[in-house]
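Chain by chain, the residues run as shown.
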Amino acid sequence: MSIDWNAFTPWSALSGGALVGIAAAMFALLNGRIAGISGVVGGLFRPTAGDVAWRVAFVTGLVGSPLLYALFAVLPKPQIAADYGALVLAGLLVGVGTRYGSGCTSGHGVCGLSRLSPRSLVATVMFMVAGFVTVFVTRHLFGL
Amino acid sequence: MLVIASLLAGLAFGLGLILSGMANPAKVLAFLDLAGSWDPSLALVMVGAIAIGLAAFFVARNRAISFLGAEMRLPTARHIDRRLVLGSLVFGVGWGIAGFCPGPGLVALGMGEAKAAVFVAAMLLGMGVFELVERRNPTARARAS
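Sequence lines, in order, name chains V and W. The first sequence maps to residues 1 to 144 in my numbering. The second sequence maps to residues 1 to 145 in my numbering.
Calculated from the structure, these hints are not laboratory results. Glycine included, every Cβ here is placed at the ideal spot set by N, Cα and C. One thing to keep in mind: the hints can contain errors.
If you want the footprint, here are the derived chain W segments under chain V, 3+ residues with CB under 8 Å [said to hold, decoys possible]:
#1 6-15
#2 20-27
#3 45-55
#4 72-85
#5 89-99
#6 127-133
Here chain W stands alone, though its shape is the one from the complex (with noise of 0.2 Å):
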């Protein structure tokens, strides 16, 4: 039953991606281009998302356990480190570059975009590179998982 509501998870939150224009790079970039023609439609996906998933959160907030019976696993963590904030500006470039966040890039790899293969194949030996440098730093591993 969690598969099956992760799959339709999944296949809803892909939908979204194809039709806000998200799946899209040169819609990205032209969301990130603020010094050329701004095209501001981006910011309406979030604030579409975050609409629906404020009322979501504050209900799965109060709850021990899904409506599914999983154990809820919703983050703890608080802290605001060297991390994060570095972690989070290498992603922006990255993002940058090429228009492509990880659900788009799967998305598009889906479509049967070569480009979009490279991008993921990419992103995969990315987060292998980043598994075996956590592996040999074992304090940094714990505080991560």
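If we strip away everything but chain V, and leave its shape as in the complex, we get (with noise of 0.2 Å):
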């Protein structure tokens, strides 16, 4: 391992971080729920009365934040390599994967890790040392 000090962001990872946090910090005091990604969308396939639009609402928000961004910074430009066969793949495992484990990097690794559940950690374990792996055997077993 050889860290790349140019690319290590530590301010903006922390008060992103930070902002993710209080994010779930304002979800669970005020609407008393897990701000779990994979959860809040899932939960749309099995809609029920009440249930629908405080979920619409938190996606909304997430889908709308880039044009919230732009107006104070430039937004910068994500760099996707993955081509559309990789991303569909990547997609079906993500949705699949998460509603099987219940959770993702945000219900379980921010707010299960916070909660200081052990359901929660054991599934970040599971899914970095996955997310790991997958990285290992992609660039450097196959060197896509």
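Could you use the hints to bring the two separately framed chains together as a complex?
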């Protein structure tokens, strides 16, 4: 391992992370809910009365956040190296996996670890390890 | 009121993802690439988020209703089972392939990225497949909800 100090952005990472934490805090303290993106979106597939509007509002906020950001700063351009086939495969695995595992980076990683949940700790370790291994295999074994 | 709070939380969450670099798959993959030139930044995203989250959930845990009067719906499940482990592993593989997890995928969609739209469409399809399988299997559904 060699650390890429030129790419290291500690302050934007910490402050952006704190903003994510504030959003999760608001959601827990005001709405009484876990700000888990896969859970919020996944719940729309089993709609019940009174349970749809807040989910749609949260997702609208997420999708609309770049517009708000662009009012104050130049929006960074995401670099997406994966081709369309890889994106379809990745999306399917993320969709199925997060629902079976009851959460993703936000629900288990941010909220679950903040709640000191053993379940979320296990889930976070599992998806981190799978992510590390997948990148190792694709980049270093297959050279993709 | 709850819907407005929800919208604001979604906005703040998205702004945090953009600011932190999580909405950029290249940055996420550089974090997951331990054997390459490793960018540790995203570990600090978790540190920043959890530092705030610890305090918030400490308060939330002891409340029966939220500050807006909503029922607290925080998870109570404690069992560590095969679904949790296998599901998380499958999610991690998908995360490692493209560098997108659900939140950043939706934020990049909002940036007008066609590739993010493809990722999100496939993710929704995956979630739909999960729902169909669950509906055929009532016992699993009861445990999941």
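TODO: Of all the hints given earlier, name the ones this structure violates by number, lowest first.
DONE: Violated hints: none at all, because every hint is consistent with the structure.
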